[in-house]
Amino acid sequence: MIYPSENLLAPLMVVSIGGAGLTLAGGNFLRDCVRQYIENKILKLPYEDILPLDQLLFPLTSIILATVLLFLFSGLSLIGYIILDFKIAIYISYYLSYIAALLFSSSIILYLLEPIFLYMKFKEWSRRR
Amino acid sequence: MLYEWIYIPNSLLILAIVPFILTIFLFIFLYLLGVPLLPHSFLGGTVLRVPHFALNTTIKPINSLPRQWKKKQIKRAIMEGNKNLIIKYITGEFFDSETIEYAISNGIKAEVICGPKLGSQKIKHELLSLLIHDNLNIFIMQERPPRHVYVIGRNFFLEDPHEPLIPYDSAIIIEDAKDEILTYFNIKFSNMKERCVKANKEVIEKMEVY
Numbered sequence: 162m163i164y165p166s167e168n169l170l171a172p173l174m175v176v177s178i179g180g181a182g183l184t185l186a187g188g189n190f191l192r193d194c195v196r197q198y199i200e201n202k203i204l205k206l207p208y209e210d211i212l213p214l215d216q217l218l219f220p221l222t223s224i225i226l227a228t229v230l231l232f233l234f235s236g237l238s239l240i241g242y243i244i245l246d247f248k249i250a251i252y253i254s255y256y257l258s259y260i261a262a263l264l265f266s267s268s269i270i271l272y273l274l275e276p277i278f279l280y281m282k283f284k285e286w287s288r289r290r
Numbered sequence: 008m009l010y011e012w013i014y015i016p017n018s019l020l021i022l023a024i025v026p027f028i029l030t031i032f033l034f035i036f037l038y039l040l041g042v043p044l045l046p047h048s049f050l051g052g053t054v055l056r057v058p059h060f061a062l063n064t065t066i067k068p069i070n071s072l073p074r075q076w077k078k079k080q081i082k083r084a085i086m087e088g089n090k091n092l093i094i095k096y097i098t099g100e101f102f103d104s105e106t107i108e109y110a111i112s113n114g115i116k117a118e119v120i121c122g123p124k125l126g127s128q129k130i131k132h133e134l135l136s137l138l139i140h141d142n143l144n145i146f147i148m149q150e151r152p153p154r155h156v157y158v159i160g161r162n163f164f165l166e167d168p169h170e171p172l173i174p175y176d177s178a179i180i181i182e183d184a185k186d187e188i189l190t191y192f193n194i195k196f197s198n199m200k201e202r203c204v205k206a207n208k209e210v211i212e213k214m215e216v217y
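First to last, the sequence lines map onto chains D and U. If you read the first sequence in this note's numbering, its first letter stands for residue 162, the second for the next number, and so on. If you read the second sequence in this note's numbering, its first letter stands for residue 8, the second for the next number, and so on.
Here chain U stands alone, though its shape is the one from the complex (with noise of 0.2 Å):
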């Protein structure tokens, strides 16, 4: 009968092979319950660290990876029509105006958290010239964030801590974030909001420059 082969086995292989077997089919039933089997699936659907810059270039590094993943991960938001996605960006001197810039001319609604200090002058003029759009906010926080974050929908881009004016080195994605992240984020991105000043043009007018 099998149901004493299986509990009452003659053979040493049965007794040896069938708890592998069913410990196989734990393990997939552990997965299509949504538990994760590698730390990084804590996080969510694809973790990657990425460096800054491509490091066997001679020359100076002008292209910046991650800001390739950004604009890769707008233009795919903008081909899929999604109006409804907010870009959120926890920034220190706010270096990365450029994806900002073509995330909201192309109708997507981006809120940005900035430190007291700007990177330079020019991106001081940069962003006076973003203000014409309504689907932009910025708010200006009394201390510099020490960490930044870049969330466009349901990705999440964690640039590594980072002195200011120095680039970091690397930064970890996490595409297809989970929910608890992404509520857990959200929370907090709207604590800081209520710590900050909703910048308009004296705001940023005032603010000083490294």
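Isolated chain D (complex conformation) (with noise of 0.2 Å):
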């Protein structure tokens, strides 16, 4: 059974554009909360500039590109099928905004993880005499 790619069109136009928008709030955001936890939490401010911030916390912000980017493609796609009538487009869209809200969201919960490794690591260094 082939499912009906035009039950796809609206929700993919609203997850596209909208996911692109609240990518860059979001990434923004979770970017903010990444530099707080380095700042705050691993090095203890004030950290005195002796640590490049803004250059390591480059790629996460590429991170937050590309997923914007995908949910942007994912909109081209979308066009591509309305106009050119493709019924491939239509699930290329549908990949590229599944793609970008894991690949968001993954992300998010990864970092959320890291404080845990952290704890657990000061734990085993405590016990050493």
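It is worth saying that the hints were derived from the structure and are not from the lab. Ideal Cβ positions, reconstructed from N, Cα and C, are used throughout, including at glycine. Among the hints, a few may not be true.
What the hints assert, rightly or not - With a straight-line cut-off of 25 Å between C-alpha atoms, the simulated DMTMM-like cross-links for lysine to aspartate or glutamate are:
no., chain 1, residue 1, chain 2, residue 2
1, U, LYS78, D, GLU285
2, D, LYS284, U, ASP183
3, U, LYS82, D, GLU200
4, D, LYS282, U, ASP176
Unchecked claim - Facing chain U, a subset of chain D residues (Cβ under 8 Å, in silico):
no., residue
5, LEU204
6, PRO213
7, LEU217
8, LEU218
9, ILE260
10, GLU275
11, LYS282
Two independent chains are provided; combine them into the complex using the hints.
Structure follows, in structure tokens:
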């Protein structure tokens, strides 16, 4: 059975445009959270500008931008489907949106797990003589 | 056809699973590109927060855990025959003269920036005895450096901020630190050195102690 691709059109339009906007806003929030976490918990303030934090956070900015681009490409695929009636385009759009959402949400989960690992290693060190 | 099977799926399962698999591939690709996937990987290979002393000791702690780590790193460098290694140390009262002595007596070069006041009279005598080594350069700052760092090769050790004579609670160790960190730190260290007075016997003898 081939599922009717038309049903995907409306949700995908919302997801691709909304996703790009939300990721931009949420991405900056995530970047600030990671920066605050590194400053307050890892380096401890005042860190006296000993480490180049802006430079170090650049890869995270690139992950956020990659997610936004995936959402935008998803929207572009939809335009291809609407104008040229390519059935494949709607599935490409679906996959791109799904991957972008997964990429962003798994990044958040990975960043949330970090303090737990750091705390476990601290406990391990504190038992040493 | 495989092409159609992927892009025009005829099963809900494929529609749900394929994006997951593609995302995993994307993560592997990002990892191979060297994009950090965890906050600590922004800093280096291993990042540890370590206590200064073991927490569950009932007697007064004497064994500084970071000092053991520093000695281990120096020993490793000696074993590997890494004579080009330079230890860069920013300190307030120069309490950790022990590891510096250990390193320079084994032929490793060390550069130390310390505050205008030393921790005790004993440290002053130790410093004076260390000055006979050519591979040690001590620089004295006009004001106490607020953050204390110990860099051995690519390993970065950052103490928590602490008051003079009060030991720090914990520190952060960054093993195999990123090039960006080391380059940035080296520039900062050179800038700090320019604001310092190079220590010799007379300068150290004139230094105040707490």
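Hints and how they fare:
Distance hint between U:LYS78 and D:GLU285 is fulfilled; the C-alpha atoms sit about 19 Å from each other, no more than 25 Å. For the hint linking D:LYS284 to U:ASP183, the alpha-carbon distance of about 22 Å falls within 25 Å, and the restraint holds. With a C-alpha separation of about 31 Å, the suggested pair U:LYS82 and D:GLU200 falls outside the 25 Å cut-off, and the hint is violated. Distance check on the hinted pair: D:LYS282 and U:ASP176 sit about 16 Å apart at the alpha-carbon level, within 25 Å; holds.
Among the interface hints, the one on D:LEU204 holds; its C-beta lies about 7 Å from the nearest C-beta in chain U, closer than the 8 Å criterion. The interface hint given for D:PRO213 holds, since its Cβ lies 4 Å from the closest Cβ of chain U, which is under the 8 Å cut-off. Restraint check, D:LEU217 versus chain U: the minimum CB separation of about 4 Å is within 8 Å; hint holds. Of the supplied interface hints, the one on D:LEU218 holds, with its beta-carbon coming within about 7 Å of a beta-carbon of chain U, less than 8 Å.
Annotation: D:ILE260 was flagged as interfacial toward chain U, and the flag holds, the nearest CB pair being 5 Å apart, inside 8 Å. Hint on D:GLU275 holds. Least Cβ distance to chain U is approximately 5 Å, under the 8 Å limit. The interface hint given for D:LYS282 is met, as the beta carbon of that residue sits about 5 Å from the closest beta carbon of chain U, less than 8 Å.
The structure fails hint 3 only (numbered hints given earlier).
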